[in-house]
Amino acid sequence: MRVGLVLTGLVLLVVVIGPFLAPHAHSDIIGAPFSPPSATALLGTDYLGEDVLSRVLAGGRSIVWISFVGTLVGVAVGAAIGMTAAYSGGVVDELLMRTMDVLRAFPPLVLILLLVSVARAESALMPLIVAIAWVPQVARVAYGAAKEVVGREFVESAEALGTPRMRIVRREILPNVMTPLMVDFGLRLTWSIGIVSAMSFLGVGLQPPAADWGLMIKENYQGLALQPWGVVVPVLCVAVFTFGTNLMTEGFARTVARVSPLEVTT
Amino acid sequence: MTAVAVKGLRVDLSGRGVDVVDCVDFTIDAGEVLGLVGESGSGKTTVGVTLLGDARRGAAIVGGSVVVDGQEVVGLRPDRLAKLRGSTVAYVPQDPSMALNPALRLRRQLDELFEFHRPELPDAARDERIRTTLREVGLGSGDQEEDDAFLARFPHQLSGGQQQRVTLAMAFVLRPRVIVLDEPTTGLDVTTQARVLSTVRDLCATHRVAALYVTHDMAVVSNLAHRILVMYAGRIVEAGTSAQIFDAATHPYTRALLAAVPLVSQRRELTAIPGDTPLPGSRPSGCAFHPRCPDAVAECATTTPDPVQVSPGHVVRCLRATRLGPARTAPRAVEPRAVRQNDVVLRVADLDAFHGRRQVLHDVSLALAARECLALVGESGCGKTTLARSIIGLHHRHSGGITFRGGEMATRARDRPPELRRAVQYVFQSPYNSLNPRRSIGEILREPLAVLSPVPAGKGRAGRTRAAVSEVLERVSLSPTVAARYPDQLSGGERQRVAIARALVCRPEVLICDEVTSALDVSVQASIVRLLRRLQDEEGLALLFVTHNLALVRTVADRVIAMRAGRLVEGGPVDDVLDHPGDPFTRALIAATPEFGAAPPGVPSAPTSREDRT
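One line per chain: the protein sequences are D and S, in this order. Just so you know, the first sequence maps onto residues 0 to 265 in numbering that gives the first Met the number 0. Just so you know, the second sequence maps onto residues 0 to 613 in numbering that gives the first Met the number 0.
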């Protein structure tokens, strides 16, 4: 967990203060394409002659933002759907969960490609697309966890009081499915990073001249033999970020599972 | 012949040097039933499983010896232990639904025992033995085809009582020398319990099996055990024959346990034992019972008592054993209370209720008067919980009238006006299930206030709700500091008090209690019953007390109605019904309720030479 925190912190540091340290603007052409590292371009230049270092420093913002917001929205919406279905039962349950099942039949990446082909990929829409890809999966997790809770007597006790349904979902059920949801959030976050970089690599994500790690890999992989840094550095960044968040969330999940509710809720 | 000899047994929590049980000595002869009685946390189950050479995860047997059928069990190699378990020492668990493999048919589960322990036995003999055992536990019909059909079933196709008989059959089928029974009747109805108990008694006598019967309920072992050990905080505090324990209990703890048991024959004031059983590691010095003991003197806090023999075979671990006066096992009887019948608050008229297409309630009518306690008795599955749930508005599929003070109540709780929802409150069976584990006690108790009587936002709202929470905690005899805790930090009895407090916080007029004590120890049950009675006297609550325990009815209720298969069979004032039951069903229930003071069993009977077919 500590290693994860350090790695994630490092990446976030690059993302936050990186753009201010960049020696050049991320879309300035400063030399010949694929030129090796030099004093002006510490990591060489890319396929257009832009500075690799500056682009790496600037290119993290989009991936971190998209994967984090996308996962958060996806987990929130998925959890809401799953809990509603589990608590309502009957027709609502069938309708919601069967719809989710149909959506779940598509692998997330395929679903994303489908969505992108319908709506143009714009920076603002990207988190939403990632979110939609996760909703059915998260809904399933939340549904399973909530289904065990809804039959318990404290839920019935709230019903006997006539507590409004929304309040029951929020105050009786949600606290009891928080643990699996948090674990799920961690996993989805890691996968989101992979998916967002894959989207850019496939050309359905951000478009040039925007700086983005996934996009850089796509742009520069043909010059891999000439100027490896244009690919290796963004790949390393994505790897470190994925690895870091994974270790961190796993450690977090283990802590959550172990501690008493007192420490979780306060 | 001695089948089990335990000497100086000590079990520790691994690596912490904290003893769970210590200084445990006892023997069991072949054919003898030894009762081991104590509250939760006393270490009785720990002692039980040591006969199988086992200690719970995180604990280890660190001293003493356990000799079973001439063989030392402590320190035995795992493969030798495995050979021993099931064949020489058998175990009957508390919850058969968890102990039976849900994926295997019954025959397969019985066969497995033979495959492991007696692979040489020919199929015919094996089959014969299974059938014999089935008959002995009361499951066999004598008809081969019917038995085969039964053995082809899965555990979920059986009732709880049948499941427990199957585990008994599994324990007895290999003709063990010793059997350990860990509260095997706790989850069963009284009539089923009575049948299981008599089966155990017969089997032990027939096959000369030494049995250790672990329980928290004195009444259960009264007609079964020849000798009884009483355990407290990991020590045996009193040991003696059944007669000695029930007629001349000496240790204050044994007396307290006896006084906590409700009897069907007599309306008695139940006495609760103040405080909780101390956990391993936080047990008091000296005599562990002294903080809860009414007879304690200063010396008790400092000196650890040694066993004292008060009469032949009757050993007590108490400093004042010889100085305590005669046993006060007969607590004072209480007079039935006078209740005015005219002020009916809740009336159920001609209620029919359904589960799917099946009709579970037929034409049920009852009336509950203010300040009255009406008990509803019946076996599990008779529809008593459905009736209670229909009244509170959790069971929707019913027709017929439920009225509160003359006003019709809607089928669903949600459709009822807040005033009605406030006036009728419900306490659930299991306090382990009815409190949200993720919310603090304070939050749980504030919820009814927030939903039913929203205080207008503004100054003083937080203060007023906090005051209401502290006040209701005091009404159920809990400290206001409990509000900051979470359910898993409380004991079972404390949780049930919180559940009652949640029902009381908005000042109801009717309280429906659905088996509120069946998940609790007998001593804790006594304290909950006292609490309910006090609330009734002080606040004028009307109680609908749903239970399967007739002994409890005598103590708690003013009137009783008995229910069988969805119909009311008998009703009236408690003393009339219990002393002169009119319906055969009520008579059977009363007869099945364990009772002490009845003639204790004699010496272990001689082998009744039923041929052991091996």
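Bear in mind the hints are in silico, worked out from the structure with no lab data behind them. Treat the hints loosely; a few may be bogus.
As the list claims (entries may be wrong) - These stretches of chain D come out as covered by chain S in the derived footprint (C-beta under 8 Å, 3 or more residues): (1) 2-16; (2) 170-182.
Unchecked claim - Beyond 12 Å from chain S on every Cβ pair, some chain D residues (computed): (3) G30; (4) L71; (5) V148; (6) V203; (7) G222.
What the hints assert, rightly or not - If you want a taste of the chain D side facing chain S, the calculated C-beta under 10 Å gives, among others: (8) D27; (9) R151; (10) F153; (11) V154.
C-beta: ideal position from N, C-alpha, C; glycine also.
So, going through the hints one by one against the coordinates:
1. 2-16: Contact hint for the stretch 2-16 of chain D vs chain S: violated, 0 residues under 8 Å.
2. 170-182: holds (count 5)
3. G30: 59 Å, holds
4. L71: Answer for L71/D: holds, closest chain S Cβ roughly 21 Å.
5. V148: 9 Å, violated
6. V203: Fine: 41 Å to the nearest Cβ keeps V203/D off the interface.
7. G222: Holds, since 55 Å exceeds 12 Å.
8. D27: 54 Å, violated
9. R151: This hint holds: R151/D lies near chain S, its Cβ roughly 6 Å from the closest one there, short of 10 Å.
10. F153: Holds. Min distance 4 Å.
11. V154: 8 Å, holds
Figure legend: structure checked against the earlier numbered hints; hints not met, in rising order: 1, 5, 8.
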